[in-house]
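Novice: Listed in order, the protein sequences are those of chains U and X. All residue numbers for the first sequence refer to the working numbering, where the first residue is 26 and numbers rise by one. All residue numbers for the second sequence refer to the working numbering, where the first residue is 5 and numbers rise by one.
Possibly wrong hints are sitting among the right ones.
Said to hold, decoys possible - Below, in silico cross-link-like pairs of lysine-lysine (BS3-like), each with a Cα-Cα straight-line distance of 27 Å or less:
{"no.": "1", "chain 1": "X", "residue 1": "Lys14", "chain 2": "X", "residue 2": "Lys120"}
{"no.": "2", "chain 1": "U", "residue 1": "Lys237", "chain 2": "X", "residue 2": "Lys260"}
{"no.": "3", "chain 1": "X", "residue 1": "Lys28", "chain 2": "X", "residue 2": "Lys10"}
{"no.": "4", "chain 1": "X", "residue 1": "Lys140", "chain 2": "X", "residue 2": "Lys120"}
{"no.": "5", "chain 1": "X", "residue 1": "Lys142", "chain 2": "X", "residue 2": "Lys120"}
{"no.": "6", "chain 1": "U", "residue 1": "Lys237", "chain 2": "X", "residue 2": "Lys237"}
{"no.": "7", "chain 1": "U", "residue 1": "Lys237", "chain 2": "X", "residue 2": "Lys112"}
{"no.": "8", "chain 1": "X", "residue 1": "Lys166", "chain 2": "X", "residue 2": "Lys237"}
{"no.": "9", "chain 1": "X", "residue 1": "Lys142", "chain 2": "X", "residue 2": "Lys118"}
{"no.": "10", "chain 1": "X", "residue 1": "Lys10", "chain 2": "X", "residue 2": "Lys166"}
{"no.": "11", "chain 1": "U", "residue 1": "Lys237", "chain 2": "X", "residue 2": "Lys118"}
{"no.": "12", "chain 1": "X", "residue 1": "Lys166", "chain 2": "X", "residue 2": "Lys120"}
{"no.": "13", "chain 1": "X", "residue 1": "Lys140", "chain 2": "X", "residue 2": "Lys166"}
{"no.": "14", "chain 1": "X", "residue 1": "Lys260", "chain 2": "X", "residue 2": "Lys10"}
{"no.": "15", "chain 1": "U", "residue 1": "Lys237", "chain 2": "X", "residue 2": "Lys120"}
{"no.": "16", "chain 1": "X", "residue 1": "Lys237", "chain 2": "X", "residue 2": "Lys14"}
{"no.": "17", "chain 1": "U", "residue 1": "Lys237", "chain 2": "X", "residue 2": "Lys142"}
{"no.": "18", "chain 1": "X", "residue 1": "Lys112", "chain 2": "X", "residue 2": "Lys142"}
Said to hold, decoys possible - Restraint-style ranges between C-beta atoms, simulated for each label pair:
{"no.": "19", "chain 1": "U", "residue 1": "Glu38", "chain 2": "X", "residue 2": "Glu230", "range": "39 to 47 Å"}
{"no.": "20", "chain 1": "X", "residue 1": "Pro98", "chain 2": "U", "residue 2": "Pro99", "range": "35 to 43 Å"}
{"no.": "21", "chain 1": "X", "residue 1": "Leu180", "chain 2": "U", "residue 2": "Glu38", "range": "18 to 26 Å"}
{"no.": "22", "chain 1": "U", "residue 1": "Ile144", "chain 2": "X", "residue 2": "Arg233", "range": "30 to 38 Å"}
{"no.": "23", "chain 1": "X", "residue 1": "Ser194", "chain 2": "U", "residue 2": "Asp305", "range": "53 to 61 Å"}
{"no.": "24", "chain 1": "U", "residue 1": "Leu303", "chain 2": "X", "residue 2": "Glu79", "range": "37 to 45 Å"}
{"no.": "25", "chain 1": "U", "residue 1": "Glu38", "chain 2": "X", "residue 2": "Ala179", "range": "18 to 26 Å"}
{"no.": "26", "chain 1": "X", "residue 1": "Arg195", "chain 2": "U", "residue 2": "Asn70", "range": "54 to 62 Å"}
{"no.": "27", "chain 1": "U", "residue 1": "Val299", "chain 2": "X", "residue 2": "Glu146", "range": "36 to 44 Å"}
{"no.": "28", "chain 1": "U", "residue 1": "Asn70", "chain 2": "X", "residue 2": "Glu146", "range": "46 to 54 Å"}
{"no.": "29", "chain 1": "X", "residue 1": "His124", "chain 2": "U", "residue 2": "Asn70", "range": "29 to 37 Å"}
{"no.": "30", "chain 1": "X", "residue 1": "Pro98", "chain 2": "U", "residue 2": "Ile144", "range": "43 to 51 Å"}
Unchecked claim - From the structure, some residues in chain U lie toward chain X, with a derived Cβ separation under 7 Å:
{"no.": "31", "residue": "Arg161"}
{"no.": "32", "residue": "Asp219"}
{"no.": "33", "residue": "Asn222"}
{"no.": "34", "residue": "Val223"}
{"no.": "35", "residue": "Gln225"}
{"no.": "36", "residue": "Leu227"}
{"no.": "37", "residue": "Val240"}
{"no.": "38", "residue": "Pro241"}
It should be emphasised that the hints constitute simulated quantities derived from the structure, not laboratory data. We put the CB at the ideal spot given by N, CA and C, even for glycine.
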Amino acid sequence: MGLAQLKTDTAIEIIPAAAATVHALNRPSPKREWLGKIPGALARNVLPPLLVIFVLLTIWQVACSHPGASLPPPTQVFTEAYDLIAYPFFNYGDQDIGLGWRVLVSLQRVAIGFGIAAIIGVLVGAVIGQSDWAMRGLDPVFQILRTVPPLAWLPLSLAAFRDSSPSAIFVIFITSVWPVIINTAVGVRNIPQDYRNVAQVLRLNPLEFFYKIMVPSAAPYIFTGLRIGIGLSWLAIVAAEMLTGGVGIGFFIWDAWNSSRLSDIIVALIYIGVTGFLLDKLVSAVGRIVTRGA
Amino acid sequence: MSTPMKTHLKLDHVDKTFERGGVKSHVLRDINLQIAEGEYVSMIGHSGCGKSTLLNLIAGLIPVTAGAVLLDNQEVNQPGPERAVVFQNHSLLPWLTVYENVNLAVSKVFSSTKTKAERHDWVMRNLDLVQMAHAKDKRPSEISGGMKQRVGIARALSMEPKVLLLDEPFGALDALTRAHLQDAVMEIHSRLGNTMIMITHDVDEAVLLSDRIVMMTNGPAATIGEVLRVPLKRPRRRLELASDATYLKCREAVLKFLYERHRFVEAAE
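Generate coordinates for the entire structure from the input sequences, incorporating the hints supplied.
Specialist: So this is what it looks like as structure tokens:
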């Protein structure tokens, strides 16, 4: 069975390729490039924020320096609240503790409330995402409930739990659970049919489907929900603690206001802001690690 | 197939109607087909003729409206590993490595019949079969389309299916990669003797690989138009076949069916 048997009307000409010449390329060594990038990246990412902070502090200093100013300038804040800034973890007993400790107390409440919200949110979201009926029935309810401000839940919560600590935790839970539920449900609905087919062919049971397909596939959505949730938790805890008391950072602000320690409030605000920022980065970092493949 | 073999898979008056929002669409009607063990059957037809639907019916991913799909005289009414599917777009789980993707199937199907060490060996054997053992720790996003499809085939084969269903397995690949994979599938088929059913819209591919080619009429309510037996000896080599008279005749028969008697008409919707 040779090619010769094939009838051809036109002859095909095959041209052999000429030998190619190889050119050596002069490339700079990769090590040098890499070394040169570090100061550049540092300058790009660190210098601008430092500069902006310096400018803002200067404006603040100028604006609040005249006699009779209602807010203290940065220099006064620094001298008045030096203890709080320099020693975050001092402990002189009961109510006289460093801001680091207070933040940790608040974080502990957030950890409990947000932890419960994360678990329940993912489970409920998974169930709702799987069922068209549950989605249609519950979605409007959730959309309404999620707009209720955290503090609006507090009186009900206090009435139900009759104690401030579980009430504060409940407020965190109820504030942060909605974005987790809604995002998980959307993530589950968006699981590609292909993955469902694979699961069906393998006859995965519902539990296996949940942790082998559903959670990894919906992970990017789940982590979006968790990230929104942790931000809301931190907002809620500070507000809730102002009303429920205790040793958290929220109550500290309220207490400082009652004794007119404005400098302390300003330092506490910075603590809260930095902590919230770190929480957000933490959740998004965990999310990036967990969803690295998806 | 020169020697008659006993029926392995049987499609018995299979009908499929989809209903959506009160609108019924008749996709497949009166499909009758008997497939012997070890046979390689291709289904070819224009797009929209319901060939993928037919494969999904055999897989059990969707239920038949009337009639029955029988595998070894057992009615198919749900998906299962004995009818493994190689999906069109590989459908590997992107968060798992190549090894883990195959192992997901192996550890589920052989959870009680193989020890952990045996399961590991089995995963590696199937990856070897498709020449993908070297990339076992890579994720799907790190390998090429052809390699992904190889892993998809390894995953399906690792379930030791009675019937391997291939849904346009090479459709998304470039021509050269496709040829490589076709050779790989032929090689696997000759080695393991699996029953294989493949959906395709590539005439050469159908003739090269199949024992029989099932040609589908156009939808709606498509059915089997003709069945062509491909009497080419195995092993088949694409270069030799390029000028083989039988090959060319088979090819012509399929082309005539598709472009003369059942030309694709654009639906006037």
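Novice: Now, for every hint given, state plainly whether the structure supports it.
Specialist: Structure-based check of each hint:
no.: 1; hint: Lys14(X) / Lys120(X); in the structure: 36 Å, violated
no.: 2; hint: Lys237(U) / Lys260(X); in the structure: 47 Å, violated
no.: 3; hint: Lys28(X) / Lys10(X); in the structure: 37 Å, violated
no.: 4; hint: Lys140(X) / Lys120(X); in the structure: 17 Å, holds
no.: 5; hint: Lys142(X) / Lys120(X); in the structure: 21 Å, holds
no.: 6; hint: Lys237(U) / Lys237(X); in the structure: 44 Å, violated
no.: 7; hint: Lys237(U) / Lys112(X); in the structure: 11 Å, holds
no.: 8; hint: Lys166(X) / Lys237(X); in the structure: 23 Å, holds
no.: 9; hint: Lys142(X) / Lys118(X); in the structure: 25 Å, holds
no.: 10; hint: Lys10(X) / Lys166(X); in the structure: 14 Å, holds
no.: 11; hint: Lys237(U) / Lys118(X); in the structure: 21 Å, holds
no.: 12; hint: Lys166(X) / Lys120(X); in the structure: 23 Å, holds
no.: 13; hint: Lys140(X) / Lys166(X); in the structure: 26 Å, holds
no.: 14; hint: Lys260(X) / Lys10(X); in the structure: 31 Å, violated
no.: 15; hint: Lys237(U) / Lys120(X); in the structure: 19 Å, holds
no.: 16; hint: Lys237(X) / Lys14(X); in the structure: 25 Å, holds
no.: 17; hint: Lys237(U) / Lys142(X); in the structure: 18 Å, holds
no.: 18; hint: Lys112(X) / Lys142(X); in the structure: 21 Å, holds
no.: 19; hint: Glu38(U) / Glu230(X): 39 to 47 Å; in the structure: 40 Å, holds
no.: 20; hint: Pro98(X) / Pro99(U): 35 to 43 Å; in the structure: 50 Å, violated
no.: 21; hint: Leu180(X) / Glu38(U): 18 to 26 Å; in the structure: 23 Å, holds
no.: 22; hint: Ile144(U) / Arg233(X): 30 to 38 Å; in the structure: 60 Å, violated
no.: 23; hint: Ser194(X) / Asp305(U): 53 to 61 Å; in the structure: 58 Å, holds
no.: 24; hint: Leu303(U) / Glu79(X): 37 to 45 Å; in the structure: 59 Å, violated
no.: 25; hint: Glu38(U) / Ala179(X): 18 to 26 Å; in the structure: 23 Å, holds
no.: 26; hint: Arg195(X) / Asn70(U): 54 to 62 Å; in the structure: 57 Å, holds
no.: 27; hint: Val299(U) / Glu146(X): 36 to 44 Å; in the structure: 38 Å, holds
no.: 28; hint: Asn70(U) / Glu146(X): 46 to 54 Å; in the structure: 29 Å, violated
no.: 29; hint: His124(X) / Asn70(U): 29 to 37 Å; in the structure: 46 Å, violated
no.: 30; hint: Pro98(X) / Ile144(U): 43 to 51 Å; in the structure: 25 Å, violated
no.: 31; hint: Arg161; in the structure: 16 Å, violated
no.: 32; hint: Asp219; in the structure: 4 Å, holds
no.: 33; hint: Asn222; in the structure: 6 Å, holds
no.: 34; hint: Val223; in the structure: 5 Å, holds
no.: 35; hint: Gln225; in the structure: 4 Å, holds
no.: 36; hint: Leu227; in the structure: 5 Å, holds
no.: 37; hint: Val240; in the structure: 10 Å, violated
no.: 38; hint: Pro241; in the structure: 4 Å, holds
Checked against the numbered hints above, the structure violates hints 1, 2, 3, 6, 14, 20, 22, 24, 28, 29, 30, 31 and 37; every other hint is satisfied.
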